[in-house]
Amino acid sequence: MDLEDKLEEAKHYALSKGMVLFNGTWVGPEEKYAKFVWSERNGDIRKFLDVASSLGARVIFYDSVVLTEEDLTRILDQLDELEEDEEVQRLREELRSFLVHVGEVSEIEVGFKNSDEIYFYREQADWARKLSELADRVEELVEDQDVE
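Count along the sequence shown from 1, add 4, and you get the number used in this note's numbering.
Any given hint might turn out to be false.
Derived DMTMM-like pairs (lysine to aspartate or glutamate); straight-line CA-CA distance at most 20 Å [as the list claims (entries may be wrong)]:
no., residue 1, residue 2
1, Lys134, Glu74
2, Lys134, Glu97
3, Lys10, Glu121
4, Lys51, Asp9
5, Lys15, Asp48
6, Lys51, Glu121
7, Lys51, Glu12
8, Lys51, Glu147
9, Lys134, Asp54
10, Lys51, Glu97
11, Lys51, Glu108
12, Lys10, Glu108
13, Lys39, Asp54
14, Lys117, Glu74
15, Lys51, Glu127
16, Lys39, Glu97
So the derived label-pair ranges between C-beta atoms look like this [to be verified]:
no., residue 1, residue 2, range
17, Gln149, Glu97, 12 to 22 Å
18, Glu144, Gly60, 42 to 52 Å
19, Glu12, Glu98, 29 to 39 Å
20, Thr77, Gln149, 12 to 22 Å
Since the hints were made in silico from the structure, they are not lab data.
Since the model is a prediction, treat every value here as computed from it, not as a measurement.
Where is the CB? At the ideal position from N, CA and C, for every residue including glycine.
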C-alpha cells in the first residue's frame with residue numbers, strides 16, 4: 005500500500021472513531037509542548053489512532069508531502085555547481101531515476117494534541133528516504149567544494 009492510500013485509510017478510520025480531521029501541520033510554539041513521535045515498533049497507524057481515541061483526542065491533524073519536479077531540479081542544480089567526475093555523474097543518473105516518483109506522496113504525518121503533549125505518526129516512503137540520502141550527499145559535496 006502506498007502512503008497516499010495509507011493516509012486515506014487512516015482518515016476514514018479516524019472518522020469512524022468520531023474524530024474530526026484537520027489538514028495541516030503543527031506549527032505551534034514547540035518549546036511549550038512535549039513532542040512524541042510514534043515508533044513503528046508500536047504498531048501501524050491504526051494503533052496510533054486507537055491511542056489517540058483512548059486519550060480522548062477529538063481533532064486529528066494530517067499532512068502529506070508530494071514529490072515535485074522542482075524538488076528534483078533543485079537538487080540537480082546543485083550538482084551543476086560541482087566539477088563533473090564519476091561520483092557527480094552517478095548522482096545525476098540516480099537522481100534522474102526518481103522522476104518516476106514525481107506526483108507521488110513521499111511522506112505522511114498524522115498527529116494530535118493531548119494536554120501539553122503533541123503526538124505524531126510519521127512515515128516516509130522507502131524511495132523518498134533514498135532520495136533524501138542522495139540530497140544529503142550532494143549537499144556535502146557542495147559544502148566540501150565551498151571550503152576548498
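A quick look at each hint next to the structure:
1. Lys134 <-> Glu74: Holds, at roughly 17 Å.
2. Lys134 <-> Glu97: holds (14 Å)
3. Lys10 <-> Glu121: Violated - the C-alpha atoms of Glu121 and Lys10 are around 24 Å apart, more than 20 Å.
4. Lys51 <-> Asp9: holds (17 Å)
5. Lys15 <-> Asp48: Given pair Lys15, Asp48 holds - Cα atoms ~14 Å apart, limit 20 Å.
6. Lys51 <-> Glu121: holds (18 Å)
7. Lys51 <-> Glu12: holds (15 Å)
8. Lys51 <-> Glu147: Cα-Cα ~42 Å, so violated.
9. Lys134 <-> Asp54: Judged against 20 Å, a Cα distance of about 31 Å means the pair is violated.
10. Lys51 <-> Glu97: Violated, at about 39 Å.
11. Lys51 <-> Glu108: Violated, at roughly 25 Å.
12. Lys10 <-> Glu108: holds (13 Å)
13. Lys39 <-> Asp54: holds (18 Å)
14. Lys117 <-> Glu74: violated (33 Å)
15. Lys51 <-> Glu127: Holds - the C-alpha atoms of Glu127 and Lys51 are around 14 Å apart, at most 20 Å.
16. Lys39 <-> Glu97: violated (38 Å)
17. Gln149 <-> Glu97: 12 to 22 Å: holds (20 Å)
18. Glu144 <-> Gly60: 42 to 52 Å: Given about 45 Å between the Cβ atoms, the range holds.
19. Glu12 <-> Glu98: 29 to 39 Å: holds (30 Å)
20. Thr77 <-> Gln149: 12 to 22 Å: Because 20 Å falls inside the window, the suggested range holds.
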